[in-house]
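Please construct the entire structure, taking both the sequences and the accompanying hints into account.
Okay, here's what each chain looks like letter by letter:
Number of protein chains: 2
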Amino acid sequence: MKTEKLEYRDSDVTLRGFLAFDDQKSGRRPGVLVMPEAFGLGAQAKRRAERLAELGYVALAGDPYGDGLQLNDLQEAIKRATALFADPSKSRARARAALDKLASLPQVDPNRLASIGYCMGGTLSLELARDGSPLKGIVSFHGGLQTQRPAAAGQVKAKILVCTGADDPFVPVAQVAALADEMTKAKADWQVISYAGTVHSFTNPEADKIGAAGISYNKSADERSWKSMTSFFEEIFAAT
Amino acid sequence: MKTEKLEYRDSDVTLRGFLAFDDQKSGRRPGVLVMPEAFGLGAQAKRRAERLAELGYVALAGDPYGDGLQLNDLQEAIKRATALFADPSKSRARARAALDKLASLPQVDPNRLASIGYCMGGTLSLELARDGSPLKGIVSFHGGLQTQRPAAAGQVKAKILVCTGADDPFVPVAQVAALADEMTKAKADWQVISYAGTVHSFTNPEADKIGAAGISYNKSADERSWKSMTSFFEEIFAAT
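First to last, the sequence lines map onto chains A and B.
Just so you know, the numbering used here puts 226 at position 226 of the first sequence, and the rest follows in order with no gaps.
Just so you know, the numbering used here puts 409 at position 169 of the second sequence, and the rest follows in order with no gaps.
Check each hint, because a few of them may be wrong.
[Claimed, not checked] Here are the computed distance ranges between Cβ atoms for each label pair:
1) A/A93 with B/Q315: 38 to 48 Å
2) A/R47 with B/G267: 32 to 42 Å
3) B/G454 with A/E235: 19 to 29 Å
4) A/P150 with B/Q264: 35 to 45 Å
5) A/A213 with B/D307: 55 to 65 Å
6) B/Q315 with A/A43: 57 to 67 Å
7) B/R268 with A/N111: 41 to 51 Å
8) B/E474 with A/D73: 34 to 44 Å
9) A/A83 with B/I318: 51 to 61 Å
10) A/K79 with B/Q315: 56 to 66 Å
11) A/D73 with B/E294: 21 to 31 Å
12) B/G267 with A/D73: 47 to 57 Å
13) B/G394 with A/A213: 17 to 27 Å
14) A/R51 with B/E474: 39 to 49 Å
The set of hints was computed from the structure by calculation and includes no laboratory data.
Glycine is no exception: its CB is placed at the ideal position from the N, C-alpha and C atoms.
As structure tokens, this is what we get:
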């Protein structure tokens, strides 16, 4: 497996992503974008990109803020994330820049793309879907589901899989219901999986170090949601 | 693969089940109870039992009413189902009789049991879980989630997977939320998967013949929920 830093641009911002793929394989393969938590591109998203590469995909972990910025402080992360989402055109362009870079790679089949994301990255993946990006599917892991710009009917090309903790204080039941309503009206293909006893950041083994209420790793929900994602990929990437 | 009729009893009622297993295999295997829709034990549940046998499990499709009664009329089915659930002790005993028969078979590992069910059979599987039956897990496919006797804390041994249609008029969102609340209070391990654009009986290819609003087959939700069930079984039946 090969991993490398990969630079790309969103207008005047230089983004520093992380690419992982199996360099023993030839031919074009499905490409999976991995958008990270609000802390920026760190170990969690990079490790997931590596695991996707082990599954045979070309995975690009995207840089949401530019210059590979990583944050340690939760309040600072929330502040940066809020700024990024202030203008939906800009947050969507930021994610789309990463997707376009991935699609342009010679080892990637541009007709078989997906985006997954964690926390803020899940929201960015959903925003790509709402924007009508050329994706076969998106997976949100404990992502925020709200938007300033709901999907219009027929606009969503991506199939949607939302994996969410039943007790996530950042993604309450009403938010899940609103997404279901939005995506049903938009005639999108969506699924929601809700996990008992599970809160925010359930896929991140380091989550408990943050020391915040409602943020905690959950091994069972992590493993179950990853397995659901791999099944979902088998479905959406099946040769047609 | 071998299939055979299997009689068992619930006090004075003779029940006529359908057993499927791979007779080329030796040794004790996980046993899966399959409880049918309100129409009684018919082709749908039998076919699922055969598919479970193909996966290596010993599957018993249970007879909910006695004497293998099958109904064709929806109103008659609702009447019989309502009568069965009038006394939760009796409906639970009816399902438990099938589970006990399955557990007693020489090819079944009584420490690795699950119950799945369709529509009313999903409800019966949940009732077994609420009753503290010795199950590793249960899966409800478009099953009713209400009960007269909610689970008490610590009582549920089975892990619970609920697969439900987002537009199922018989299992509305409020009913799903009530189940989540009940099972969270009971400290059960539960998951709910909700499928977009999906109504009641989504696993039954014959559902549209019933000609009732809110009852229809959905190939995508059928295939996705079956795959989720097989992943769930891999998890709960893993040698420990």
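Going through the hints against the structure:
1. A/A93 with B/Q315: 38 to 48 Å: The hint (38 to 48 Å, Cβ to Cβ) is violated, given that A/A93 and B/Q315 are roughly 56 Å apart.
2. A/R47 with B/G267: 32 to 42 Å: Holds: the Cβ-Cβ distance is about 38 Å, inside 32 to 42 Å.
3. B/G454 with A/E235: 19 to 29 Å: Check passed, 26 Å falls within 19 to 29 Å.
4. A/P150 with B/Q264: 35 to 45 Å: violated, 55 Å
5. A/A213 with B/D307: 55 to 65 Å: holds, 56 Å
6. B/Q315 with A/A43: 57 to 67 Å: holds, 59 Å
7. B/R268 with A/N111: 41 to 51 Å: Once the Cβ atoms are compared, 47 Å apart, the range 41 to 51 Å for A/N111 and B/R268 holds.
8. B/E474 with A/D73: 34 to 44 Å: holds, 40 Å
9. A/A83 with B/I318: 51 to 61 Å: Check passed, 55 Å falls within 51 to 61 Å.
10. A/K79 with B/Q315: 56 to 66 Å: holds, 60 Å
11. A/D73 with B/E294: 21 to 31 Å: With Cβ atoms ~53 Å apart, the hint is violated.
12. B/G267 with A/D73: 47 to 57 Å: Between B/G267 and A/D73, where Cβ atoms are some 56 Å apart, the hint holds.
13. B/G394 with A/A213: 17 to 27 Å: Between B/G394 and A/A213, where Cβ atoms are some 25 Å apart, the hint holds.
14. A/R51 with B/E474: 39 to 49 Å: Hint violated: Cβ distance 18 Å, outside 39 to 49 Å.
Violated hints for the displayed structure, listed by number in ascending order: 1, 4, 11 and 14.
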